[in-house]
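Engineer: Spelled out from the first residue to the last, the chains are:
There are 2 protein chains.
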Amino acid sequence: MNNHKINRLALVGIGLIGSSIAKAVRGHQLADHIAISTRSPTTLARAEQLELGDSYHADANNAVKDADLVIISVPLGAYATVAAHIKSSLKAGAIVTDVASCKQSVIIDMAPHIPDGVHFVPGHPIAGTEHSGPDAGFAELFEGRWCVLTPPDGTAPQAIETVSQLWQAMGSMVEIMEPAHHDQVLAITSHLPHLIAYSIVDTATNLEEDLKQEVIKFSASGFRDFTRIAASDPVMWRDVFLKNREAVLEILSQFSEDLTALQRAIRRGEGDKLQDVFTRTREIRRGVIDYHQE
Amino acid sequence: MNNHKINRLALVGIGLIGSSIAKAVRGHQLADHIAISTRSPTTLARAEQLELGDSYHADANNAVKDADLVIISVPLGAYATVAAHIKSSLKAGAIVTDVASCKQSVIIDMAPHIPDGVHFVPGHPIAGTEHSGPDAGFAELFEGRWCVLTPPDGTAPQAIETVSQLWQAMGSMVEIMEPAHHDQVLAITSHLPHLIAYSIVDTATNLEEDLKQEVIKFSASGFRDFTRIAASDPVMWRDVFLKNREAVLEILSQFSEDLTALQRAIRRGEGDKLQDVFTRTREIRRGVIDYHQE
Numbered sequence: 001m002n003n004h005k006i007n008r009l010a011l012v013g014i015g016l017i018g019s020s021i022a023k024a025v026r027g028h029q030l031a032d033h034i035a036i037s038t039r040s041p042t043t044l045a046r047a048e049q050l051e052l053g054d055s056y057h058a059d060a061n062n063a064v065k066d067a068d069l070v071i072i073s074v075p076l077g078a079y080a081t082v083a084a085h086i087k088s089s090l091k092a093g094a095i096v097t098d099v100a101s102c103k104q105s106v107i108i109d110m111a112p113h114i115p116d117g118v119h120f121v122p123g124h125p126i127a128g129t130e131h132s133g134p135d136a137g138f139a140e141l142f143e144g145r146w147c148v149l150t151p152p153d154g155t156a157p158q159a160i161e162t163v164s165q166l167w168q169a170m171g172s173m174v175e176i177m178e179p180a181h182h183d184q185v186l187a188i189t190s191h192l193p194h195l196i197a198y199s200i201v202d203t204a205t206n207l208e209e210d211l212k213q214e215v216i217k218f219s220a221s222g223f224r225d226f227t228r229i230a231a232s233d234p235v236m237w238r239d240v241f242l243k244n245r246e247a248v249l250e251i252l253s254q255f256s257e258d259l260t261a262l263q264r265a266i267r268r269g270e271g272d273k274l275q276d277v278f279t280r281t282r283e284i285r286r287g288v289i290d291y292h293q294e
Numbered sequence: 001m002n003n004h005k006i007n008r009l010a011l012v013g014i015g016l017i018g019s020s021i022a023k024a025v026r027g028h029q030l031a032d033h034i035a036i037s038t039r040s041p042t043t044l045a046r047a048e049q050l051e052l053g054d055s056y057h058a059d060a061n062n063a064v065k066d067a068d069l070v071i072i073s074v075p076l077g078a079y080a081t082v083a084a085h086i087k088s089s090l091k092a093g094a095i096v097t098d099v100a101s102c103k104q105s106v107i108i109d110m111a112p113h114i115p116d117g118v119h120f121v122p123g124h125p126i127a128g129t130e131h132s133g134p135d136a137g138f139a140e141l142f143e144g145r146w147c148v149l150t151p152p153d154g155t156a157p158q159a160i161e162t163v164s165q166l167w168q169a170m171g172s173m174v175e176i177m178e179p180a181h182h183d184q185v186l187a188i189t190s191h192l193p194h195l196i197a198y199s200i201v202d203t204a205t206n207l208e209e210d211l212k213q214e215v216i217k218f219s220a221s222g223f224r225d226f227t228r229i230a231a232s233d234p235v236m237w238r239d240v241f242l243k244n245r246e247a248v249l250e251i252l253s254q255f256s257e258d259l260t261a262l263q264r265a266i267r268r269g270e271g272d273k274l275q276d277v278f279t280r281t282r283e284i285r286r287g288v289i290d291y292h293q294e
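Protein sequence lines correspond, in order, to chains A and X. When the letters of the first sequence are read in order and numbered with my numbering, they come out as residues 1 to 294. When the letters of the second sequence are read in order and numbered with my numbering, they come out as residues 1 to 294.
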């Protein structure tokens, strides 16, 4: 980052991702000043208590003013409002990026508010945990993980390079992708798995109380992995499904067909079909291990 | 285990569970002699190479002869054959137990072959990993995990106590349950989650090659947890679904209804409904953590 040293970094939103960025940037000395803003007074006070930044602002305009780089880390449903709110405070030459897990909707929501002379480089660090809020962040969250950037055609290469180098300095590998393609890939790797996990835990939630308690007690046999995923931030995930609706519904429909085929095989006692499926799924796991993403 | 010291323990089947029992029994000195048998010559040779036991037998009859306790750890579909094969070699007063994750089918398959004077205490250690075979075992697998016993009415209390003490000595907590109730609870906590994981990874398997490679590459966002579960032993899981069919189909049908309701909420843009579900699922996670099963 030496050739792209950031003077003032503004973090709008200071949840799991924002606070992890704050810690990683501080740890690697990637910016001279970290200005933090969030609309929740409680969260802002907590961020200050945790000493996540150098200055704290109830109004995002005061954080982004004079900032070279602005990273917006808010629930998907809030990007349009935030972008409209800060647009007149962005300095010429500033770079704005985000961390949202749907890129098409963020571009639709934010691009109209980006002033001429300000660069917009949409980004998505593919990293996270089931915890949320400013206490959940840790500097190593992005190490060894991918960060996907989806810059619109015509984005200044230096702006892409600055954002890219920041993520690499925090330990990530950077990949450039088309927004629609990103949304399709993430619908499969992230959004559908979360929906399924929420759904299976919801099924358990609807059980009669005694049975539910036993399900919790004996959860170590597979179910508990789903409960971890289904403990993720409800507002963030509500927005993901509303914003990436088409891609999620498409892959969900394929999943439902595949699950129905397994259900049919179970009902008909077709052991060979089941064994075939359960054998070929092992290959994918080997691929995950080969990519060091396990 | 001092008051129930086992002279000769026979392990029929030496996969993940069998080899973990061998190591735990050896580590805690719970038996004077561990006799190992498996029908695969390769696996038997490997068990000997790993020094998992004290004697190795191609024919299970030679392992169970003179054994005080026989633990059968084979795929669900093999219990009837194994029980029929060894029945005339079991000594009077011996105890036979198993580790299968469906109890009703094991009782149906094995009970008719248990001779008079031999005790049958069906059991299920709720522990495992996605790895299989004699190399996968480790002595700590059962520590802090539940083991459910489902003894038929009239089982000798001393036999239940001996099996119970063995599991406790290996670090487990023991619970007695009705077989049908066990199968219902496990259908929810284990069998459905595995089916779902297999199914979602199968959906990825069916994608066009380029997209599949990207799904593997960016799997860290939720999908990889499913690939781990879906790497479990295919034969074992084929048999689980064939043997616990009714309970699995029942909970699968509830799950499908719940998933369809979420799908409908996504299609109609009903954010409040989604957020309600995603919020109440967090309670279950808190329960899992409170039970120290996370």
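Since the hints were derived computationally from the structure, they do not count as laboratory data. Computed from a predicted structure; not experimentally measured. Each hint should be verified, as a subset may be incorrect.
Any copy will do: because identical chains look the same in the list, a pair fits if it lies in one copy or spans two.
Unchecked claim - Capping the alpha-carbon separation at 25 Å, the derived lysine to any residue pairs in SDA-like fashion look like this: (1) Lys273 - Ile251; (2) Lys212 - Asp225; (3) Lys217 - Met177; (4) Lys273 - Ser253; (5) Lys87 - Glu209; (6) Lys23 - Gln213; (7) Lys273 - Ser256; (8) Lys217 - His131; (9) Lys65 - Ile251; (10) Lys91 - Glu175; (11) Lys217 - Phe138; (12) Lys212 - Glu178.
Engineer: Compare the structure with each hint and give your call.
Structural biologist: Against the structure, the hints come out as follows:
| no. | hint | verdict |
| --- | --- | --- |
| 1 | Lys273 - Ile251 | both (22 Å within a copy, 21 Å between copies) |
| 2 | Lys212 - Asp225 | both (16 Å within a copy, 23 Å between copies) |
| 3 | Lys217 - Met177 | between (43 Å within a copy, 13 Å between copies) |
| 4 | Lys273 - Ser253 | both (21 Å within a copy, 20 Å between copies) |
| 5 | Lys87 - Glu209 | neither (51 Å within a copy, 42 Å between copies) |
| 6 | Lys23 - Gln213 | neither (39 Å within a copy, 32 Å between copies) |
| 7 | Lys273 - Ser256 | both (17 Å within a copy, 21 Å between copies) |
| 8 | Lys217 - His131 | both (22 Å within a copy, 23 Å between copies) |
| 9 | Lys65 - Ile251 | neither (41 Å within a copy, 55 Å between copies) |
| 10 | Lys91 - Glu175 | neither (27 Å within a copy, 66 Å between copies) |
| 11 | Lys217 - Phe138 | between (30 Å within a copy, 23 Å between copies) |
| 12 | Lys212 - Glu178 | between (43 Å within a copy, 17 Å between copies) |
In terms of the numbered hints stated before, the structure departs from hints 5, 6, 9 and 10, listed from lowest to highest.
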